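Build the full structure now, drawing on both the sequences and the hints.
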Amino acid sequence: MNELVTSRANPAEQARTLRRGFRVLAVEALGPITVLGGIVWAFAQPYRVTFFYPEGKGFWDWAVQPPLLVVLVGLLFALVVAPGIVDDLESAERGDAPAG
Amino acid sequence: MLPRAETAHWLFAGGFLFLGLVVLAEAMVGTDVFRRRRWRAYLWPSLALSAGAWLWLIAIFSTFSTLHLLAHSVWAQAATAAGAVQLAVVRGRLHSSYWSLVTAGALFVSGASFLVHEQNGWLFARSAFLHHLIGWTLVVSALFPVGAAFLPRRAIWAYGFAITWIAVAVMLFADRDIAPIFGHLSDLAGGAR
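The listed protein sequences correspond, in order, to chains A and B. Just so you know, the numbering used here puts 37 at position 37 of the first sequence, and the rest follows in order with no gaps. Just so you know, the numbering used here puts 14 at position 14 of the second sequence, and the rest follows in order with no gaps.
FYI, nobody ran anything at the bench for these hints, they're computed from the structure. Note that the coordinates shown come from a computational prediction; the quantities given were computed from them, not determined experimentally. For every residue, glycine included, the Cβ atom is placed at its ideal position computed from N, Cα and C. Hints may contain errors.
[Stated by the list, open to error] No more than 25 angstroms apart at the CA atoms, straight line, and that leaves these computed lysine to any residue pairs for SDA-like:
#: 1; chain 1: A; residue 1: Lys-57; chain 2: B; residue 2: Ala-189
#: 2; chain 1: A; residue 1: Lys-57; chain 2: B; residue 2: Gly-14
#: 3; chain 1: A; residue 1: Lys-57; chain 2: B; residue 2: Arg-4
#: 4; chain 1: A; residue 1: Lys-57; chain 2: A; residue 2: Ile-39
#: 5; chain 1: A; residue 1: Lys-57; chain 2: B; residue 2: Gly-190
#: 6; chain 1: A; residue 1: Lys-57; chain 2: A; residue 2: Leu-68
#: 7; chain 1: A; residue 1: Lys-57; chain 2: B; residue 2: Asp-177
#: 8; chain 1: A; residue 1: Lys-57; chain 2: A; residue 2: Pro-46
[Stated by the list, open to error] Residues from chain B that face chain A, not an exhaustive set, calculated with beta carbons under 10 angstroms:
#: 9; residue: Phe-18
#: 10; residue: Ala-25
#: 11; residue: Val-33
#: 12; residue: Phe-34
#: 13; residue: Phe-173
Here it is as C-alpha cells:
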C-alpha cells in the first residue's frame, strides 16, 4: 500500500460514512425545517396568529394558532425525538447494543 | 365551549404532522435503528389510537348531521383498528407483513368516507375542496401499505406513508369553516363574505 494503491475497503467505508452523515443531517434537519415553516407561515398569514389580532378572540383562538402549532410540533420533534434517533444511528454504526 | 370544526381540524393537523415526522424519520434511519428505544416504536400506534379516541369524542358531539356522525365514526373505527394492529406488531404478537393491509384498508375506508360524505362539488367552498382532496389523497395513499405488505423491504412505501401524513396535515391546516377556494365560494355555502 502507498498513496497510489489503497485498500479496496476504503471507498466502501467512505460511502457508508457519507450515507450515515446524510441521514444524521436529514433527521436533525426535520425539526428546524418544520419550525422554520411555521415561522414563515406566521409572517405570510399573520391574521392566523391570535397574538397579532387579539380583539374579540375566544379561548380556542388563543389555544390553537395553526402557525404556532407547526412551530410547537417542530420543536417537540427536534428536542424529544430526533436526538435519540441520531444517537442510536451512530451507536448502531459502531455496533453498540440497543439502549433499551 | 366546544371548538369550531376548523379548530378541531387544526389540532388533528398538528398530530398528523408529528406522526408524519416520526414515520419519515423511521423511513430515513430504518426500522431496526428506530426501534432501538422501545418508546419510539410505540409512537405511531399510540398516535393512531389517540386519534381514534379523539375521533370517537368528536363523533359523539357531531350531532348536527347524521352523515358527519357516520363519517367521524368510520374514521374513529379505522384509526383504532390500524393503531391496535400496529400495537400488536410492535409488541411482537403479530409478525406477518400482510398486517399492514389493515392500515391500507383503514386509509382507503377513511378516504372513501371523506368522498362519500362531501355532497358538494370541488369548488363549492374551501372545505368541500379539501374534503375531495384529502379523500383522494387517502384513497391513493392506501397503495403504500399495500406495497409494504407485498414488498416489505422497499423503503419507498415508508416514505410515501410519511409524506401522506405531512400532506394531510398541510391540507387540514388550510381548512376554514367558510372560505373561498381559488376565488370561488358558492352562494349556498353560507356565512358573511
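Consistency of the hints with the structure:
no., hint, in the structure
1, A:Lys-57 with B:Ala-189, "holds, 23 angstroms"
2, A:Lys-57 with B:Gly-14, "holds, 21 angstroms"
3, A:Lys-57 with B:Arg-4, "holds, 13 angstroms"
4, A:Lys-57 with A:Ile-39, "holds, 21 angstroms"
5, A:Lys-57 with B:Gly-190, "holds, 21 angstroms"
6, A:Lys-57 with A:Leu-68, "holds, 16 angstroms"
7, A:Lys-57 with B:Asp-177, "holds, 16 angstroms"
8, A:Lys-57 with A:Pro-46, "holds, 14 angstroms"
9, Phe-18, "holds, 5 angstroms"
10, Ala-25, "holds, 5 angstroms"
11, Val-33, "holds, 5 angstroms"
12, Phe-34, "holds, 7 angstroms"
13, Phe-173, "holds, 5 angstroms"
In summary, this structure violates none of the numbered hints.
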